[in-house]
Amino acid sequence: MKSFLRTVSGKVGEWESGERPSLTHRLTHSLTYFAALATALLATTTHARINVVTLPDRDSVQLTIYNSADLTLVKETRHLTFRKGLNKLEFSWANTLIDPTSVEFRALSHADEVEVADVSFPPRVTNTLEWRINSEFAGDVVVEIRYFTSGLSWSADYVAEASKDEKLIDFSGAVRVNNNSGEDYENAQVRLVVGVIRLVEDIANLARAGKPGMPTTVAAMSAPAPAAAPARRLNEAFFAMDSAEKSASAKPREIIREGVSEYFMYTVEGRDTIPNGWSKRMPSFRAEKVPITSYYKFEKERFGDQVIRYYQFTNSVANKLGNEPLPDGFVKAFRFVTDDLLYAFVGSTGVKYIPVNEFVELELGNDQEVSVKPTMMDWQKIDISFNALGDVIGWTEKQTWQFEVQNSKDIPVVLDIRRNFSGDWTLTTNAKYDKVDANKVKFVVPLKPREKQAFTYEVVTKHGTNKTR
Amino acid sequence: MKRLFCFAVAALLISTAAHARVKLVALPERARVVVSLSHPDQTLVEEERLITLQKGVNKVDFSWRGVSIDSSSIQVRALSHPNDVKVLNTSYPPNENALVWEIASPAAQEERVRISYLLSGITREVTYRAVAEPNEQSMTLRNYLRLHNNSGEDLTEAEVALGYGSSFKKTIAHEEVLEMLSERIEALPVKKVLMWDSATLPWDPEYQKNTIGIPLNYVLTNDKPHKLGTHTLLPGKVRIFIKTKDQPAKEGEQVGEGVAFTGEDWAQLTPVDREMKLYIGQSRDVKVTQRRTKDERTNIRRNTANQDVLWDKDEIYKIEIENFKKEAISLTLIEHVPGYWKMVENSHAPQFKKKDAFTFEYNLTLPAESTGDKKTTVTFELNRLNVQGNEPQGY
Amino acid sequence: MNMAMKVSGKVGESVSGTRRSLTHRLTHSLTYFAALAVMLLTTTTHARINVVTLPDRDTVQLTIYNSVDLTLVKETRHLTFRKGMNKLEFSWANTLIDPTSVEFKARTHADAVEVLDVSFPPRVANTLEWRINSEFAGDVVVEIQYFTSGISWSADYVAEAARDEKLMNFAGAVRVNNNSGEDYENAQVRLVVGVIRLVEEIAQLARRDEAKDKAMTDVLKSKSELGKKMYTRSRGARAGGAVGGLGMEFDGIGARQIVKEGLSEYFLYTVEGRDTIANRWSKRLPSFRAEKVPVTSYYKFEKERWGDNVMRYYRFTNSTPSQLGNEPLPDGAVKAFRIVSDDQLYSFVGSTSVKYIPVNEFVEMELGSDREVMVKPTLMDWQKTDLQFDQQGDVKGWTVKDTWQFEVQNSKDIPVVLDIRRNFAGDWSLTTAAKYEKVDATKVKFVMPLAAREKLTFTYEVITRHGTSATK
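Protein chains in written order, with the working numbering: chain A, 144 to 612; chain B, 2 to 396; chain C, 19 to 490.
Worth double-checking, as some hints may not be accurate.
[As the list claims (entries may be wrong)] Reference excerpt, derived from the structure (chain A facing chain B, CB under 10 Å, subset only):
(1) R334
(2) V403
(3) D553
It is worth saying that the hints were derived from the structure and are not from the lab.
Quick reminder that beta carbons are idealized off the backbone N, C-alpha and C, glycines included.
Can you build the whole structure from these sequences, using the hints too?
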């Protein structure tokens, strides 16, 4: 669980002469342990003398965590002292899940004067790389190092609290960050990306290879165990930090929202410490009195005889929402059943990603309080035609259906009944219906509290030579 | 795996018997090493050495160990006196990675020779990293070359030639991987387009458990107006980032500039003037609902057994598209129709483009926040002709 | 790996002791020259032996075939004969010599030296004994020839194309591999290109302890005569001679009278000078080098053969105007390079093998696919029309019209020629503004020169009539 950064400056060829001692930075960003630094003898091609000068700690760490893939973009900044000429900067990591092909270096200050000549993944070692950097500047440079790691994830969850009449809900969201990366992240800025990015190779597999292009079966590292001891040790610090924050400001921390390409990004205000093996949940929003519709669906081919209950609302400003898309996650829905706000559990469901102004359907499972009973009342085979041999070659089928629907609830609901037909079919009914597509119709019926209704339709289907379409 | 090139020049008479060959001599230093990676699968190494030849016939011994050389590919060429110094023959001893050249020289002289051979174990990879501007209309593209040396041989100050661009000098040890920037293009114009394909995506989002992601593509054009067009772009992994605002760590600090990752794809080989399409992620802020609202057979022709043998079809499709984003976006709808068909009616003729016999596209621009009443609706009516039920869908 | 030759009197032949035969014992092992002894054997069982001389091989000639595992070895030696009966013992071990093929002939005093018979003595392997009656006493040059297996040769070539791929240097070499168990020193090497039919493999015969099998004799006799004829004819051939190379000549020999099927023609290459090829070594000898051979960088696309790949070829003619044409080129491996810098650095183009190339024959070397030439076919339209029905009302005839668009692009900085082949089946007819040639009844080709970095598009329409609509 260590990663090191080490600078070696001075040209290889010059080391032999010993005229210019070269400068080495060695860094660790392990949170658990700052290795004692030593003057190391680094053998590249020749014998090099290396002076350890300083311990450039990470100045800042930023985590950009994705929820659609096991991927986190880590950005850290450090202060390094460069010499003029060739500088060698060694970066190594172990027991972490860093993708070696992703590691990038860039100078934030003196960017025009500092240029990476190449990157070497040295022979016979894994989890190490060395940048060869030409600098026209001597002195302190702020650098940024970026890489992909695996093992951090985040998810969204929601709570919906419906009013007794199920016309309004209070809707709140939270995000939960899980750290199984093998690394403790201390004082990190956390950014969460909502979106489906595409990865053509698994980051964890690339990380296990230890260097680019190695077969991933080479166990360059074992998967980091949730290091129990350090996590415990950091336990206190974790809570200490949280309480310190809380005492500083009593209000929950803000989450800044930003659209990025086809994705959406939350930046959590302030800094967080997430030790390996821990997860952390943060509230993200709360909307009160969001108008909803209690919507019920019946479709034999999809749900059998069950009637499925939905809360429908729109993620819009008019509905007290609409500030941001809602990430896919889990919802728990409750209904207030008493004046002192006792809950009844309505259901739990996964919710789709909801863009701003999109209509939301929370599917809350079967509800026996709304029933649909279809009955075929009549069946006729008519208009039979024959060929020259006297065989049946065409016929027409006429079905008469009766639908009894009942709302046993004390609140109004909307019921949506779908029927699928095939072939050369014709529908006749007094009931109001919409054609969904060439072979599907829907009957949408608003039902008052405790209302019962019945409707019928007739469907004529032509077969064989009677068929004209 | 330690490589060893033994290189011996001897003016001695090698016994024709299978007696031990005497390999005398100085190891001539390599004067130059050129590694040519222009062939997609094979690596050609050319090395130059200075050897001292006696007048008459010289035996030059070349052997190797710990490296995989295609021995039938080994050639030697005289560079200093190409017209006078002749390779008389080459002998291959049994069970040895070695050969012996008999080289005739008209005089005692130093000769620069170039030895060429195909060496296994040196591979290269092209990777790309791009950082897009927040508006996604342009990006900075960096093209990296990654060399893997598993040849058994340390290459020192080797000239690496790729077959395009200029060659460069690198030292790369056995088992080392070296990555270097080979090209950087600033402000490269890029086109962002969503691609909804009726063959691969669900038609009715309402019936899906998850929000349908529509493939998000960046399209580069390998031509001069797009700041490229100098050479064929080689296949490799492309990782695309986008610039973001970095929130300050402390209050009062300035908003910095950072990046977020937006996805990756394998770039396909892209000749000059052609497009490179990179599918890097999915958009879930655009919703496409396609329905076939008419699907009827007409002109049914039946055989004497009253089976339908031939008919035409009248099909109407309606595609409703909502863009929930605050920005306009390009969307390509891809439709597939098997067999022989004719377009009868088309709501978006200017955006319509036939791609091949069985595929057409609509290249649409969806206005910002075009949802609800403002949604985009595409309808088209097709006549499928002389249908027998065995129509080809591809070629 | 010893091969010994010995001339001896035969055990038990005579008790009188009046006729003594001369024994020569020779070895032609390259590793070890045994001390030779001329043994004077009495016809009694008690033999007096005189060591007289060491009859070394004076010359060795190898005639190596590349189509079968067969080499004709001819060696000459000086032997000292006595008047009367001479016994010449020839033995070999650890070699792959076909015992039925061994022949003896006197090159000098041929009229005076006559082989009476050949004996394969009992209980000894790899030995034979000639009984030779000589009317001459003294030095005789004899020739011994036999077939051996285990020696092979192959040709290989290096093509160095100029940067524009319009000219190339083309060099050939031959590589002789000796796995015969025998070292050949200072041998004249001759290489035969052609197909020879062997009734029984030489290697198999060699493995027999003794081959007294009379049935084989005729076959092998004809083979050895073939060898003799070849020898005779090729002697007249002029020795060529590029410096340091091997003078190559060939001589068409109609050998139909000797070998029946499978061999109509072959060519013989004689390597100038002498070579030493130790057992298990191989040796590569340059055979020719032609400069500035005109070449065409030719590309082919044929979906049915290579899928989406475009294959690259170098094309040239083995003819005098093309700086070649002096000889047919044996089949062999080719490595092709392109010279990419003024200091003659190579870029590897590809490797392939070429078939046997007669003089004036056109050659195509397939060098693998090249991504820098692109062919993208698109079926732009498909129509099924003109349906016809039988009495049952089923479809019995129809016509399909395909419209194809081809986008082609040469990304290279040199001009190339592109050859696109399309295969059609059935009753088809093609309509296009593009130039094409019909290859055969079901194949057409579109051949187009493409300038450096040129792109172009062409279309064609193919109408295919099916079922009863088909008229051919």
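Verification of the hints:
1. R334: holds, 7 Å
2. V403: Holds - the Cβ of A/V403 comes within 10 Å of chain B, reaching about 5 Å at its closest.
3. D553: Since chain B brings no Cβ nearer than about 28 Å to A/D553, farther than 10 Å, the hint is violated.
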